[in-house]
Every structure is written in structure tokens, then in C-alpha cells.
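K.L.:
We have chain S; now place chains E, R, X, Y and A onto it with these hints.
Number of protein chains: 6
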Amino acid sequence: MQLETSSWTEVEDGAPTTALLPVGSTEQHGPHAPVGTDTIIARSIAADADRESSLDAVVLPSLPVGVAPYHGRFPGTLSVSPETLRRYVRDVVESLSETSIETVVFVNGHGGNGDTLAQLARELTESPSLDLEAYRWEWMRAVDDHVGHAGELETAVLLHLCPDDVGEPVAGDAMSWDDTVDGGTIHQFTDEFSENGAVGDATGATAEQGKRVFETVVDALVSFLERVDSSTGESDE
Amino acid sequence: MQLETSSWTEVEDGAPTTALLPVGSTEQHGPHAPVGTDTIIARSIAADADRESSLDAVVLPSLPVGVAPYHGRFPGTLSVSPETLRRYVRDVVESLSETSIETVVFVNGHGGNGDTLAQLARELTESPSLDLEAYRWEWMRAVDDHVGHAGELETAVLLHLCPDDVGEPVAGDAMSWDDTVDGGTIHQFTDEFSENGAVGDATGATAEQGKRVFETVVDALVSFLERVDSSTGESDE
Amino acid sequence: MQLETSSWTEVEDGAPTTALLPVGSTEQHGPHAPVGTDTIIARSIAADADRESSLDAVVLPSLPVGVAPYHGRFPGTLSVSPETLRRYVRDVVESLSETSIETVVFVNGHGGNGDTLAQLARELTESPSLDLEAYRWEWMRAVDDHVGHAGELETAVLLHLCPDDVGEPVAGDAMSWDDTVDGGTIHQFTDEFSENGAVGDATGATAEQGKRVFETVVDALVSFLERVDSSTGESDE
Amino acid sequence: MQLETSSWTEVEDGAPTTALLPVGSTEQHGPHAPVGTDTIIARSIAADADRESSLDAVVLPSLPVGVAPYHGRFPGTLSVSPETLRRYVRDVVESLSETSIETVVFVNGHGGNGDTLAQLARELTESPSLDLEAYRWEWMRAVDDHVGHAGELETAVLLHLCPDDVGEPVAGDAMSWDDTVDGGTIHQFTDEFSENGAVGDATGATAEQGKRVFETVVDALVSFLERVDSSTGESDE
Amino acid sequence: MQLETSSWTEVEDGAPTTALLPVGSTEQHGPHAPVGTDTIIARSIAADADRESSLDAVVLPSLPVGVAPYHGRFPGTLSVSPETLRRYVRDVVESLSETSIETVVFVNGHGGNGDTLAQLARELTESPSLDLEAYRWEWMRAVDDHVGHAGELETAVLLHLCPDDVGEPVAGDAMSWDDTVDGGTIHQFTDEFSENGAVGDATGATAEQGKRVFETVVDALVSFLERVDSSTGESDE
Amino acid sequence: MQLETSSWTEVEDGAPTTALLPVGSTEQHGPHAPVGTDTIIARSIAADADRESSLDAVVLPSLPVGVAPYHGRFPGTLSVSPETLRRYVRDVVESLSETSIETVVFVNGHGGNGDTLAQLARELTESPSLDLEAYRWEWMRAVDDHVGHAGELETAVLLHLCPDDVGEPVAGDAMSWDDTVDGGTIHQFTDEFSENGAVGDATGATAEQGKRVFETVVDALVSFLERVDSSTGESDE
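Protein sequences appear in the order of chains S, E, R, X, Y and A. Mapped onto UniProt numbering, the consecutive letters of the first sequence carry residue numbers 1 to 237. Mapped onto UniProt numbering, the consecutive letters of the second sequence carry residue numbers 1 to 237. Mapped onto UniProt numbering, the consecutive letters of the third sequence carry residue numbers 1 to 237. Mapped onto UniProt numbering, the consecutive letters of the fourth sequence carry residue numbers 1 to 237. Mapped onto UniProt numbering, the consecutive letters of the fifth sequence carry residue numbers 1 to 237. Mapped onto UniProt numbering, the consecutive letters of the sixth sequence carry residue numbers 1 to 237.
If we strip away everything but chain S, and leave its shape as in the complex, we get:
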């Protein structure tokens, strides 16, 4: 169930117990991928997992701006501070308290949001005033391989999801996140180690490959949702 297009009576009738909150980012993704890449992917994964899962779930509207200051020197990048993201997501989740929702899963599409969402998930779960549990999930963590930034895997997923929004895939000016030397962060902004903004080589990416990766991560999310589903958990353990 997509929340945006449902009426309140449909939500009442559906009485979903699990809410998926896609959290994306608006940030440079090399010269070939859209700046909304992380939002597009997170939103699509959540929608598909909702369709495939047998749980009573609802997909909340995607949050389009995350924590991405290190991409800030490229046009088209938007960013909010970790504390701002925390407050916004916290308020959204508090809105779900005293509803049918028992479990909230952050479907995260951007690594820079990870730490903030992880801390918040713990904070919400432990809060005595909230009657629900929150979890962090990240598609990059459900993939064995290294995802890069606008690299092969990410570009492949985009070619599967929205080929019209993808330009001619390029090789990134860096092959890895090349910012740390001697244990210290030497480069604090992406453009200091990748002029075109991409990390990894996307030239070989294909829509078929993207479809496989996408299905894998959707399956992983479905599996995760069932694992943390409160009602399932209670009957099983």
C-alpha cells in the first residue's frame, strides 16, 4: 500500500503493521546518473518489497534530501545536517505512534544517512513513549559487491529502473572512495579525488545486471521485514 495515494479510510481498513520509509538523497552521481539516484532506488525497492511481501505494510512518501555535504561542490546537490534529518524522520515516526503500525523500517538509499538513521532507529526503539520498533536497512548492505558511487552496480540498477534518466555511463575519476591516508581523512569533498564525481567504472553496466541486483535486494528486504515483524516474531519465538 502506497500511503500517498491512499485515503485515510483505506489506511484504516488496511490497518498496516509495518511502515517502510524510503530515505534518499539529492546529490551528484557522476555525469551520467541523475542526482535523485538514491531516492529513486530506495523508493523503488520499498514499493516492490511491499508488493512482494505478505505482511500488511505501507510505504510512506520518500524523503528526498539526506546528509550529503561532501558532494556539495557539484551543482544539483542538496543536503541537510544529521540533526535536521534526525528531527524530520523522528517527527514522521512519532506521527505513527498510537496507530496500527508496530514496526518502521528505514529503506535507506544513501550511505551518508546511515549513521544518523541507525542512531535514530535505536533511540526510537528504546523510547518508552513510543509503542513501535524502528530499524535501519540499506540496499548497499544487502549486496555482496562494492557498490561505489554511480559505479557499475548502481548504474545497472538505474538502467533497469529508469533508463531514460541515465546518460552514457562513464568510468569514475576514482575507482574507490579515495579519501583516507594514514588513518586520517585527507579529502573531505568528493571533487578532491574524483573530478567527474563518479567512483567506480560504470561503462559495462547493463539493465539485465541491474534487474538481477534489484531483485536480490528486494528479496533481502522482504526477508528482513518478515524477520523483524512483531507479530511473526511473537508467534515464532
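None of these hints come from the bench; they were simulated from the model. Bear in mind that the values here come from a model prediction, so they are computed numbers and not experimental data. You may find that some hints are simply not true.
Since the list gives no way to pick out one identical chain from another, each pair is judged satisfied if it fits inside one copy or across any two copies.
[Stated by the list, open to error] With a cut-off of at most 25 Å between alpha-carbon atoms, the simulated SDA-like pairs for lysine to any residue come out as follows:
| no. | residue 1 | residue 2 |
| --- | --- | --- |
| 1 | Lys211 | Thr180 |
| 2 | Lys211 | Val181 |
| 3 | Lys211 | Val222 |
| 4 | Lys211 | Ala171 |
| 5 | Lys211 | Asp178 |
| 6 | Lys211 | Asp182 |
| 7 | Lys211 | Glu102 |
| 8 | Lys211 | Leu55 |
| 9 | Lys211 | Val147 |
| 10 | Lys211 | Cys162 |
| 11 | Lys211 | Ala47 |
| 12 | Lys211 | Glu52 |
| 13 | Lys211 | Asp164 |
P.N.:
Here is chains E, R, X, Y and A on its own, set in the frame of chain S:
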């Protein structure tokens, strides 16, 4: 230009001077209209105004959750505090500083966001550390008639934009926002004066009517954008 | 009962159940009206309503500075941010928790405070940790006519309350709050549409007229207080 | 010049360079003194000092609630947190930036506000974005003797200023602020060491004594204002 | 028990009921005393009091930076705002909730932290969500004499505790905290009244004197801890 | 140069251009390692790097509490929120503005602090009001191997630095940070996957091994400091 689906190089090439930020809400809109009504309408208006305007503009991703605590007792309503909305939007706009953007217009779809966005627009415009001007725009203010809540006009616009997401239009359990008596706010939550959540009678709404209203407000926004466009302004005055 | 001039033992003996908090503003009111107009009127209304009401009420000290940045370019205007006003009023109301007070009414004299006080009233009423209810009341909302800014009605009330502090009434350089065009806020500061700061024509204002308006709004507040009084409410409804 | 009763044109004409901000408190002052004692005294001192000083000064409206949690168990006490007081006063002072005001003096009537106002005065004076200097002044610091709380001196000043608001002066249930033992604060609330809330013996207080004390502290403030006046300072040093 | 060097199993076995939190400062202490003076002394007192007390206590790691903006013009001074100190200490104390700790004592070494810690102690003690009591203790308050700043007493204690870190004691360029005139704070920064930063004459300070002072204040703290110990308190009173 | 034990005149004479801020944590480290492990190691590394480096550096006092809520169910763990840590460190670094310091390096001993310090370093470096650059450094990042938590490498370093504070090394109840399944964080607290709190097998750890690791990371930090030293940088590029 839609930011979400553009690459950073396209943004650099386009060098837009005006940014439109649709700000919506996720809140009950009676039994027939989707909870995302305000986001859907704001997003659609911004997209159309961008297409029709001759300015170099970019439409930022829509913010889907606004200030709507008074609808909080209906399932499907999400809300953030005014201060949280202010912080999130402020961070987004600060990301645009030192880019080609000179003017930011909040395309607001929800009355409850109005005061916060108005204050913030003033704060941003006056800020000595930001090199841009911000403005509040609200589609309900561009319409002569009373819009209500999931009433005739709003429902008509939805029937024009997304008929599949609209149920059988109903008459609201209130005909006006019936919360104030003797100068004081007697009802602080919508359900205290409208059991089905709607305000106004939507039973006569038509897609044709919605098309006319929609085109009117898009034209109003286009006109407003030209008025506040900095470059235009400088040459004209 | 005026809190400022009462001792704690008098408060204990009186055991008031309703608290009135006048919230004013310090802002330009044209060349003839004092910058404290909103505070003066709110304070006077609260005092009179307390005297006329049969409830056990207490009038808290007036808050003299509200949200008025749009008047900021005129000398003598003070302003706090919405979040600052919210925090200050919230702390004040929290001080009343676990006392005899069951109901708090914000007697607001300035439109710019309205949204913040409305949100806060709801927040306080819903707070599980506070054992009281809070309400927003505004004298401008208890008047049928348009009040303007240092216009006829407001000036008349001042001529009734404090004629020595009122200069020669003038016609405002604007007749209405002329800041919105095509649905957008084109002028963010009062001086952009009214050079002398006033909105409406005060030249015909009289003390007699002011007395009538004042008595009407005081009666409205007394009526509102009885309506929201918890003990009354419980026995009546 | 009193700001509250002046019009903006009068403020513009007066072009005051010094602003006095009375900061009071609403808190128990024993069974005989009003809870507004600190506000009443601070406001009166500021008004008199303004009248007697030859500087171009303006008295801002008094802030009626300060930091007084330790009196919180007595009815009639209101309190805000130090951070809330800081924000409110800071916003007020920022409103004075880019006006004729060059110096702001906090005329403090309550010891509990002292540390917050001292820190803020320093912060404002040092702020590169504000073109004024701020200072803390406290009437209790201008008196050689120990002032107590609703004790002889404070009660005497009240008998001079507002005899009708003062009940039969009593001896406090404590003669000194008896809260510290072995270097630690053993009592965190006034009622733990003074059942009637007063500290010191007010039974001998007279209006004549109060008049002398009051005139002394007003003279001290006038002297202080001249000392910190920027224009004076520049010509003298 | 020192927390830093204990393992969690040792803490579990020890089950301490009292926690001592040394709060210091990093700020100029004249040309002869280290900038860490307040931290060094607070830490040493807490350690000794823990050893001498018969209570089950634990010494938390010292907080090294406090509220010291008035020393900010001297190299080597660090400072945090009162609100920042409050948040940090509050978070630390909240970590102790739902553990064996029943009482927390702030062992404060710096006057500038005093007000913030006093307010916080009250706030924590009163908090319904925290099951412990917090107290402020300051070594300067356990000494009859005037301590000054890098003056005789403080320097003597340092000569006892860490003679190698003390240079040749000097006489301060001020003999008292010379910042207030006519009830107002005329000097907001230490260097305005003491060029070398010291207040008081340390030339006669000796390690023997310091040992006596130190032992006196440690005894005072031990006595205070026993007084506020919850279990003791309950059985005794 | 250690700041804590230096006088302000020594700091003035030394005029250090680089500041090292050790940031630790107080959290369970298995049954054999002290809860202050991260602080002890960070402090020791900073001290040694300062001694070995040829730069004019100063070591600030260590911050002893970081972001460690996931260890919160073990006695002896303290934690602050990311926003609290950010504020505290930011205030400390702002104290260094307008001094001789040009570069600040966070010498971090705890992974949970990493994201907050990285964001803050970027924020400080970019701040137009601060005339210094800030960097994040973490000893775990300077080691090729997996460090674990109270595992072999960390325990070895402790055996080198403070053998008396280390108990009999044990094997952790988990061999890796076993909290993520299917891309989602299934365990939000350490005790859910390691009953004794340790991650990795420390039974083979030796002081000799620890000495080698320690020297390696100190060398890495020295190398990093030279790389980011502003004066060096300017002459080289």
C-alpha cells in the same frame, strides 16, 4: 527542469536561476481524496509552471510531510513540527547558496505550512550569509473561491490530475473550518467538527472544473515567478 | 486576580483554575499609535475579562515581545522567532503544571503570534506529561469587521484605553494588507506597501466606538472562558 | 522614554543610543510580598534612571518571567530555563541591531537571571554581526548590604513603590540562603529551608528606608549608564 | 573505584550507588599555574574522596572543558557554552539511569560552571524519567577563605598536587575579581582588570598549606557524600 | 606540548599551529579491558605523536565520553548523543579561532564517534567564520587488520600501554560485529550478539604485539599531521 532526474552536468549546463520547492503534506483528506493530496497538487503545479515559464528554472524534489497535527487523529496523517520543517527547508535552501540560483519559491500545497514558510522566506531573504531571495507561494491563495479541505475545488483538481486515486466524492461533515467561537479556538483537532475529515461539499466536483482551476493557478505561479525573478526585476525597474 | 501583585499565599488561597496569559508585541503601529499597542490591548482585555468572569481565574504577566519581523525596518520594533516564543510560553505554562490551574488561555493581541500559539496550545493540550489544557484566543477574531493595523478599530480601542498615548490618528498608506499577488507573497516587509506603517484609515476613530468594541471582545472572552472551563464543561455536557 | 507608549516616529525622532531592558521574575516572595516583586523593582529602577539620566535612553518593556525553578514548589511561581531566557533576550537585542541603539543594559531584578544575562551580555558584545554592546546590571549588586529574599531591604523598596501590594511584613523562616553544607548544595528548593519562602526579617522595613535604598540604586544605575555610554566613552578616553 | 580503568564486570560487581563527576575547565591561570588547574584539582579531590569514603562510589572521567569565555583572550583557554555543558553532562548522567547509581555529585573545580551545574542538578533530581538524584559540589565553597584565581590557596593546592607543573608563583595584577562598578559588570573579560590573568597574590603559597587545604576540602566532600547518600539518608531520617 | 599542564604564557611562547584533540569513549570493552580503553589509547597516541612530530603542536585534554548507546546495557557505559558531541567539540574548536592554531586533528579512539567527527571536521573547515581547518583521524583506520572490540589488537595495545588495567584476556562471544542480516540491522545493542561484550579473540594478545601496533599508528598520525600542516602545504604546492 526536474532536479531529481537530471545529472549534475545537466544542472551545470542549465544554470537555472530560479528554484521551485514544492512543499506538501501527508494528511487525511476525507474518505475520497488521497492523504498525499497537498503534495500531489504542489508537485504538479510546480512541474507545469516550470514547463510554461520562460525562466531558467529547476523543480526541486517535493517535501512530502508538513505541519498537520490537527489531522493527527485520522490514520495516515504524518506531521512534523514547525521548527523541524523550518530546519529542513532552511538546510535545503542553504545548499543552493553559491550556485546559479538567485530566487527560491516555496510552492506550498498545505495551509498549515504557510506561516512557517513565510517566516523562513523572510529570514532567508534577509540573511547576510545567503546570496538569494526566497518567497512563499500558495495555490489556495491564487484562487478567489474558498478551497475547503477535500472540498469541491481541491477534489476537482485531483480529478484532473490523478482520477484513479480519487474515490467517490462526498460532502464533508463540515461546510467550513468550524473551530473558532467567540474569538477562541474551541476545536483543536479536525475530527471535533468533521467526522469524515472533509470540509466542503465535493459531490459536484468535475475534472473539467479541476482543469480550469489548475490552469489558473499554474498561470498565477508563472506570473509570480516572472515578477520576482531577479534578472527580470533588474532590467525592468 | 492579577498574578504580579499577589503573594503566593493569596494564590494558594484563591486556587485559580483558569490562567490567562496576555501575549502582545512591540512593533510599529503607524505614526499615531504606540508600539506597545498589542500588549496594551491584550493586557486590558484579560484584566477586564477576569473581573467580569465568575470563574476562579488569574491573569499572568503579559509577554511584551512577539513574532513581528515584518515590521522590523521601523524603529521601535522588537521581535522574537516563532521557536523562541514557543519555548518561552511553553516554559511558562509548564510552571503551572501540578498547580490548581486546569485551563490556560493565550489572550493574543498580535496576529503574528497566532500560528505559534495555536500550535503550542495543541501541543500542550495533548502532552501526556501536562495536566492542563491550553487554548488560543485572539481579540481580532472576536470582531466581525476587519481590524487592520493601527486602523480605525484598533485606534478606537486605544482611544478608549489610553488616550494620552495616542497621537493624531492618520490614514494608513495602505488600506489593506497588500502583500500578496498571484498567490505569492510579494512584499515581505510592511514598509514595502505602507510607508507610514498603518493599514486602514484611523481618522474617524472615536473613544466611544472603542469602548463598544472593547466591551464586545471582553464579553466574547468571558464567554469563551466559560465554554472551555473544565469543571463547567464536565457538569454541563 | 518608555518604548511601550511611544510611536515609531517618536522613537525615530528620539534616536536613543542606550536601551534599558528590565528583566524580572514571577516567583514567591514570602507571604507578604507580591510574586512580581523582581519585575516591579527592575521596571521602576529603569524608569527612574531613564528620567534622571541625561543620556538618550529608551526603556524596553519588562520581561516578566526569569529563571526561578527553586521557588517552583510555591504557588504563583513561573520559570523559564536559562537557555529559553537567553534565546528570548538575545532575539530582543538582535532586533535593536542596525538601529540608533549602541548600548544595551540588562536591568536585572532577580539573582537567578544573573549568570545567564552575564554570559549573554558577553556573547552579544563580542558578536561580529551585532553593532552594539550589552551589559549586565543588578540592583542587589549596587547595595552594600545583604538583600535576602522578601527581606528587610526588598520589602522596604516595595513599601516605597507599591505599598498597596505589600501585606504585613514577616520574618522569613530562614535568615540566610541556607542551602550549602560542606561545599555542596544540600537544598535545591527554597521550601526545604524556609517554609514561608522568605529569607531575612522584613518586620522592621519602612517606606522611608525603601526610598533611600531605591534612590541609591537608581543613582548607581545612572552612574553606570554614563560609564558605559559609547559616545561618552569615546570623547572621554 | 575509577571508572576509566575498570572493566564492566568490575563495575557490575562493585555496584556503586554514588557517582562523582569531576567537572573542570581549561583556562588561563596566570603565568605560573597550568591551564588545566581546575580539572586537576577537581579530579584529585574526587579520587581522594572516593578512597576515603566508606560509600560504594565510582569516579567518572573528568570533563576537561567548562564555561570560561571571560578568559578567552588568553592563549590556551577553551570554553563551551552553558547550554553545551548542560547537554553533555545531562547525557552522561542519563547514561547512569537504570544502573546501580542512585546519587550523582558534580565535583566542580571552576566557578563559571557553577550556575549551569546547579540548574542541571535540580532538573535531573526532579525529572520523573530519571531514578537518581544529582547534586552540585564546589571545592571553593568548602573553603572559608577567598580562593581568587591562581591566587595563594589555589596555587598552594597545586604545589601539593603537581609541583612540577607550577611555575614561579606571582602576584596577580588584580587582588580581587574587579569587574563590577555601581552594580554593573564593567569588565567582561579578565584581561581588562588583570593583565597577567591572576587574581590574588600567590607568592607566599606553599605545598604544606596546599596539603592542609586539600585535606580539608576532601573531608568536606566525604561528609557531603554521606549526607546525600540515599540509603544512608533513608535509614537515618 | 600538553595543554593541561602548560601555563598560558607557555602556550603563547610555543605558539603551536596544530592542535590534537583526543576523543575517546567510556564503554564496556569485554570482561578484561577497561571501559576507558578508547580514551586511554587515543590520549596515548596523541601524546606520542606530539613528541615525535617536528611540528609545533599541542595536545588538548581528552574528551572522555562519546557516542556509544549500543553498549548501554552493560554497566559502566556512558554515552552522549551525536548532536551533543558535535556541540561540545565545536565549542572547543571555536575557542581556538583567532589563536596560533591553524589545523585541528581529532584523534579518535572510538568508531561510534567517527561519523559525527567527520561531519564536524567538514563543517569547521568550510565555516567562513573560522580561520582553521579540522580533520578526522582514527587509529583503527591506520591499521590494516580488523580491530574488533576488546579483541586481539586492541587488547595488545592496552597490554603495552597499561598492563595493570587489563584483566585476563578472553575470547569474545562474537568473532565479528554480527548485527546485520539481509542488509538490515537486526541487533541494535551489543549484548544481543555478544554476551560478554567482546568481539574477537584476545587470548593471544601480547604487549610486544601491542607495542608494534602502537608505534605503527603513532607513525601514521605523525605522517598525517605533516601532510595536513598548513605551512607545509603552502610551501609544497
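K.L.:
Give a verdict on every hint.
P.N.:
Going through the hints against the structure:
1. Lys211 with Thr180: Between. Shortest inter-copy distance 24 Å satisfies the 25 Å Cα cut-off; intra-copy 33 Å does not.
2. Lys211 with Val181: This pair counts as between: shortest inter-copy Cα distance 21 Å, intra-copy 36 Å.
3. Lys211 with Val222: within (16 Å within a copy, 40 Å between copies)
4. Lys211 with Ala171: within (21 Å within a copy, 42 Å between copies)
5. Lys211 with Asp178: neither (29 Å within a copy, 29 Å between copies)
6. Lys211 with Asp182: between (38 Å within a copy, 18 Å between copies)
7. Lys211 with Glu102: So lysine 211 and glutamate 102 fail the 25 Å test inside a copy (31 Å) and across (40 Å) alike.
8. Lys211 with Leu55: For lysine 211 and leucine 55, only the intra-copy Cα distance (23 Å) is at most 25 Å; the inter-copy one is 38 Å.
9. Lys211 with Val147: The answer is within: 15 Å in one copy meets 25 Å, while 36 Å across copies does not.
10. Lys211 with Cys162: within (11 Å within a copy, 29 Å between copies)
11. Lys211 with Ala47: Result: close within a single copy only, 15 Å intra versus 29 Å inter.
12. Lys211 with Glu52: within (15 Å within a copy, 36 Å between copies)
13. Lys211 with Asp164: within (15 Å within a copy, 28 Å between copies)
Violated hints, in rising order: 5 and 7; the structure is consistent with all others.
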